[in-house]
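The listed protein sequences correspond, in order, to chains B, X, E and G.
Throughout the first sequence, residue numbering follows this note's numbering, covering 1 to 376 in sequence.
Throughout the second sequence, residue numbering follows this note's numbering, covering 377 to 752 in sequence.
Throughout the third sequence, residue numbering follows this note's numbering, covering 753 to 1151 in sequence.
Throughout the fourth sequence, residue numbering follows this note's numbering, covering 1152 to 1550 in sequence.
Among these hints, one or two may not hold up.
[Stated by the list, open to error] Some chain G residues close to chain B (C-beta under 8 Å, calculated; not the full set):
id: 1; residue: Ala1234
id: 2; residue: Ile1439
id: 3; residue: Ile1444
id: 4; residue: Ile1543
id: 5; residue: Ala1547
[Stated by the list, open to error] Each pair of labels, with its calculated beta carbon distance range:
id: 6; chain 1: E; residue 1: His962; chain 2: G; residue 2: Pro1433; range: 39 to 49 Å
id: 7; chain 1: G; residue 1: Gln1333; chain 2: B; residue 2: Phe26; range: 41 to 51 Å
id: 8; chain 1: G; residue 1: Thr1190; chain 2: X; residue 2: Phe643; range: 46 to 56 Å
id: 9; chain 1: G; residue 1: Pro1433; chain 2: B; residue 2: Glu48; range: 25 to 35 Å
id: 10; chain 1: G; residue 1: Gln1333; chain 2: B; residue 2: Lys10; range: 31 to 41 Å
id: 11; chain 1: G; residue 1: Gln1333; chain 2: X; residue 2: Asp378; range: 43 to 53 Å
By construction, these hints were calculated from the structure, which means they are not laboratory data.
What you are looking at is a predicted structure, and each value in this text was computed from that prediction instead of being measured.
A virtual CB, placed ideally from N, CA and C, is assigned to each residue, including glycine.
Residues per chain, in single letters:
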Amino acid sequence: MDFSLTDEQKLLRETVSRYVASGYDFQAMRGKPVDDPLNVSQWRTFAELGWLALTVPEQDGGLGASLEDVALFFEEIGRGLVCAPLLSTLLSAIIVSKAAESPTRTEALEALMGGEKKIALALEEAGSRHDPAVLTTRAAQNGSAAITLNGRKIVVQDGAGADGFLVSAQMPSKDGKAGVGILLVPANIEGVEIRRYRLIDGRDAADIGFENVKLASESLIVPPAEGLSVLQDTLNRASILLAAEALGAMEAAISITADYLRTRQQFRRPLSDFQVLTHRLSDMFVKAEHARSMVYRGLSAMNGPQEGRDKAVSATMIAIMQAGDFVCGNAVQLHGGVGMADENKIGHFYKRLRTIGKSYGDFNWHMDRYTRQLTA
Amino acid sequence: MDFSLTDEQKLLRETVSRYVASGYDFQAMRGKPVDDPLNVSQWRTFAELGWLALTVPEQDGGLGASLEDVALFFEEIGRGLVCAPLLSTLLSAIIVSKAAESPTRTEALEALMGGEKKIALALEEAGSRHDPAVLTTRAAQNGSAAITLNGRKIVVQDGAGADGFLVSAQMPSKDGKAGVGILLVPANIEGVEIRRYRLIDGRDAADIGFENVKLASESLIVPPAEGLSVLQDTLNRASILLAAEALGAMEAAISITADYLRTRQQFRRPLSDFQVLTHRLSDMFVKAEHARSMVYRGLSAMNGPQEGRDKAVSATMIAIMQAGDFVCGNAVQLHGGVGMADENKIGHFYKRLRTIGKSYGDFNWHMDRYTRQLTA
Amino acid sequence: MDLRFTSEDEAFREEVRAFVRKAVPADMARRTRQGLHTTKEDLKLWNRILYEKGWAAPHWPKEFGGTGWSALQIYLFEEECAAADAPFLSYFGLRLLGPLLYTFGTPEQQEKYIEDILSGETFWCQGFSEPSAGSDLAAVKTTAVRDGDGWVINGQKLWTTEAHYADKMFCLARTDTTVKPQKGGLTIFLFDMNQPGVTVRPILTLDEEHSVNEVFLDNIRVGPEDVLGGEIGQGWTHAKFLLGNERVTNAQVPRSKRDLEILKKIALMERDSDGVPMLQKPDIRQRIAQIEIDLAGLEWSVLRELAQGHGEHSAPIASGLKIVGSEIQQDIATLLVDLLGIKGLAVHTDREQANDLPADAPDYVVGAAARQLFMRAATIYAGTSEIQRGIIAKQAFGL
Amino acid sequence: MDLRFTSEDEAFREEVRAFVRKAVPADMARRTRQGLHTTKEDLKLWNRILYEKGWAAPHWPKEFGGTGWSALQIYLFEEECAAADAPFLSYFGLRLLGPLLYTFGTPEQQEKYIEDILSGETFWCQGFSEPSAGSDLAAVKTTAVRDGDGWVINGQKLWTTEAHYADKMFCLARTDTTVKPQKGGLTIFLFDMNQPGVTVRPILTLDEEHSVNEVFLDNIRVGPEDVLGGEIGQGWTHAKFLLGNERVTNAQVPRSKRDLEILKKIALMERDSDGVPMLQKPDIRQRIAQIEIDLAGLEWSVLRELAQGHGEHSAPIASGLKIVGSEIQQDIATLLVDLLGIKGLAVHTDREQANDLPADAPDYVVGAAARQLFMRAATIYAGTSEIQRGIIAKQAFGL
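Only chain B is shown next, with the shape it has when bound in the complex (with noise of 0.2 Å):
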């Protein structure tokens, strides 16, 4: 076991904390639509410094870095508070990936790796509740024909300023059983509707219609005998990168929590001379620990036998919503009336943690989920 860096790992993280450090600026860059100036440049640039690649295969001109690498990135990404449609890009990836050979998958990886397209995960429904398996939405072949979408998607997250989606949506497989195959969908065709609306992070997102939109059949990506289980995967896989984010975020609020309690004079004392206060800071940072820890755990079961992975990946995820809601929401209470402040960077963490403690899974889902597995 051993929990140290590789060269390579530091080096990825350090391009984050660099290109955060030099002048990134969360307050400018929230609730900016896509093309925006500032997002274009600055999504140039993470295409310039390879994160946009990351996920990509290495025979296809990616980085194929490991889950762990991208963990570490996301941690990075979290202490930044870094706001931009990464996740999707670096999922949708994956997804493409999988794809068989076609000039389809091609432009796709290219575009995503170059920064010039966009691609947001569209699998939520109205009655999913984050399951990948409930979903109304259909598609419709005939043979090797055209392929007909037909359904509703909801919190498509990122998807206000996406080029495509990635939509899931039941249909037979070639044996004629019922499957979910996964479909890229443009966004600027005929029949595809964007309702768009921002969340409370910051970031946007999208609901979106498809009424008898016709795709060809290159646009299924993945076919409905392999649909759910790589969508379980990336379900997964989304979490893990996510509970990153959340521990860089943490990390970050209690940094900046412990900074303003040394500096933050009530009654004629800095705050840190309040016991209360600096032991609320040291359950924070326990919590905290506890979070890297269920991080590093949960990453080791995603390099671990199948059946494992889902019941780790919600202990990993549970811990990582109660650790958030304690850190991030102390982070705010311990600034007081300033932590309130939409002006003021700490909320933010907080509102982070709370967007990712709903997405891909929330609390109620991975507690289920992970009961049902319980054994004695």
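Assemble the complex: chain B is given as a structure, and chains X, E and G must be docked to it using the hints.
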């Protein structure tokens, strides 16, 4: 709405607090067998003070105290950490007084009031988990002839030194329907086997086997048609009285802990100089206030319509257990090592609260009962 | 000891209910249910409706426009208002300055201000907190310097709720820097917000809503008639007077009861991926049960305080009510968002049309996420929970 | 970064498991499972078994009798011991004094004491805490006064675990009252418990069991050879040396893992009034899940510490492990008693026959209530949770 005490209520409380103040020694009394001279003389005093007559109806020579009165009484008993089979006795009197007029009834009530006999409630069985309707003990009766009792009860509180037991048993009612009768069974008759042991709070209990125990038909105190509702009412009363006792115990534990913080020195300062400790005490205060309010609320519900009582009593007990764990657990914690010594009184508040939390319904039982009745 | 409402109280409740349910406009009720900050228009309108009924300030003495109801009756009134989704009236005039005025104000001040507070004609804001005086009012830096027979006020106020609604401010300032703030160094002044030198800067809170402000005071001239009570140096006494009252109100029981009622209805409509209503899920039932029980205890703690009569609130108990009440508000707001699934991630901005919400989102989603975020402030404003615990330790135990 | 055990580690685990499972006598295993304090006989026997295998003190340097295993291997060994229901060996010689001796002891002291600690021939107790020196060791009042070439010790020690088992004590005493305890005023002495002047008074803890004591020291004479390390004034340094190590051990992960495993089996056997196994009840499942997750995090925190190698424990992390580990032990012990229903109210006294338990109570009820009560001490002994939080604030944040 009026929360102030009547003069009679004040007087009743004072008899308890005066008794406790005048040399009651918890450490001397706990774990003492019921026939120990100290116990015998204490019990005689209780009879003289009228305490054992509290729940006997006035027409039977008792005081016919209201549930509020008895609760206020038990609050003081809890405050003084009085270790005696008072609850069993007062509950037994309530049940016995429901019997039809008979020499058995009269004798039993007289003996209870006079302190000559103790009666314990033998309700729980290995599989009952607080549900009075779940029982395997059976009573058979041929017409109005003698009754035969078979079965086994466990953890009969105050059962080791009791002269008789009120035993719940399945028996058909007159119209042939299944029911639960309540029988008064002397401890010393053939077929009754008593296995005595101690509970964590210094009181005693017993498992009691009944093998072909022959009883006169007068022993049937509550007939099978009414037994279950009497038991349910008794359990609600028991819970409220235990809640009141727990409240008194909590408040005493808080007061003792506050004194300890004022006097105990560590790092050359009184413990009360440490903000985390005084704020913990503040939280204990808040929890105890919550507990007090929930005791009043439970009492109020017991005077209200039948259908609201179960839920309200369970709410009270849930609040009491949570507050009790927090208050008495932290009372030990704030005492440090001293709190862990059995020779120090403070830990016994904790043990008493733990016992109360498993008497006549534990946390799971009350939470199940409450959530079953939850409505939108 | 009688642990029930009297039949007179129950009859009173019916009377109030009958009026209030009819009096709240439907669209106002919907906005209240959505949990967003009340608009100035709603505040004014509801104030006017109650004023005309004579019920705008039931807790005030009758001679100043109160109702003469008992404390328990006032509580029943508040409960019925909350149950009817009426908004809370503006706090600063009716709850804070009003009582200050009728207790300490000069006859001229009472004459000049009280009726307009009662009718909602004039809105006030409270200029107490400052950048370096949050929990610690003694650190107020705003100064009022003697100038002729008046004073000139300079300083900066922070977290000033409803400053953007307010016509006037009651403002705590240092009038004597040579003595301790607690020993006569502070004074409360009354002045117009609508004058040169007063600058209101909105501060959006985590919910991205505008309810608090920063207020810059630049050479505000006040005269002797603007000194609360007419006497300089009483500021600390006046500020302390407000504290206990504020904490009992901050238990917010009627509102939380109503919120929980709404929450349970929503829990019946929201379903998990198997189509089971969230209200049927054991863990959700247990969380709701826990909140119900916590809230029931809080309610009875408030009733115990109120049954003792007006104004004699025990400081440690009032602090306890504030701590618990604020946590319950947070718990309800958080559980509601949890029930909504990912729909609870959408921020709102447009309360009427909510066109920035998921398309399928029902009406009740509108303010849910925003309210959850704003409720983080509940354990901060009006004295943080930490401050309250300190008060309890001191007042209940002398520690 | 490699987040798995190596195959060598896994092979090592198998080897240890094979030995340990066979080596623990069945009745000893049963007693360990029951959760009561380990008897002196069991301590001695298990120590002897491990000693003969060469495994009594794997964490010691090889030259003093250690095994040369890596920290992770030692952890695997401890896990296998716990999984086999082996008792913990006596703490005070093997965990505390041993490392002190091989680090600071004179060659004569090492020669005289170490082997007997390793074999379990000699049991030690730790004379640190006193009536007025609980969390605050600097307040130690026991004095050692120079007398010829030796010292005379007088004082009173409290909470002395296993003093009634111990052959010897290592005892912290004031040797110089003119300087601060932290600056050379304290010294550790080694002496026989079995001598006139040493009086051991049992203190029963809340579980009514005897594991701690009060020890009165009345004119105990010691010579220069009894001064730990041979040099006066090193007591504070020696005491600090013990602290970090103790806190990591106090995470108690292997024991808690085993306890939780047992708990789940019991949850399958215990049933509610409808006959449903407690393990099937949603609230119980969620409580177990929560403990499992907390424990999993704790385990990986320990692994992270251990993977860094011997003895370089970070003080704030070690304190965090102690806080969380103790709470998990409490949670498990409490949940177990909750599962038992009213059977969990019975105190035990006789561990072999348990004839003071409910007649129908299964074997696993024996120590459950007692252990739950004793576990209240987990957040108190070896530095209260409050002390640990203070250490974290200071060491991690400089506050």
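Quick rundown of the hints versus the structure:
1. Nearest Cβ of chain B to the Cβ of Ala1234 of chain G: about 15 Å, over the 8 Å cut. The hint is violated.
2. Checking Ile1439 of chain G against chain B by beta carbon gives a least distance of about 6 Å; that is within 8 Å, so the hint holds.
3. Look at Ile1444 of chain G: its Cβ gets to within about 5 Å of chain B, closer than 8 Å, so that hint holds up.
4. Taking 8 Å as the C-beta cut-off, the interface hint given for Ile1543 of chain G holds, the closest approach to chain B being about 4 Å.
5. A cut of 8 Å between beta carbons decides the hint on Ala1547 of chain G: the least distance to chain B is about 5 Å, and the hint holds.
6. A C-beta distance of roughly 43 Å is found between His962 of chain E and Pro1433 of chain G, which places it inside the suggested range of 39 to 49 Å.
7. Separated by about 45 Å at the C-beta atoms, Gln1333 of chain G and Phe26 of chain B satisfy the suggested range of 41 to 51 Å.
8. A hinted range of 46 to 56 Å for the beta carbons of Thr1190 of chain G and Phe643 of chain X is inconsistent with their spacing of about 37 Å.
9. Roughly 51 Å separates the CB atoms of Pro1433 of chain G and Glu48 of chain B, a value that falls outside the hinted 25 to 35 Å.
10. Range check, Gln1333 of chain G to Lys10 of chain B: about 39 Å between beta-carbon atoms, so the 31 to 41 Å window is met.
11. Separated by about 60 Å at the C-beta atoms, Gln1333 of chain G and Asp378 of chain X break the suggested range of 43 to 53 Å.
Of the numbered hints stated above, those contradicted by the structure are hints 1, 8, 9, 11, listed in ascending order.
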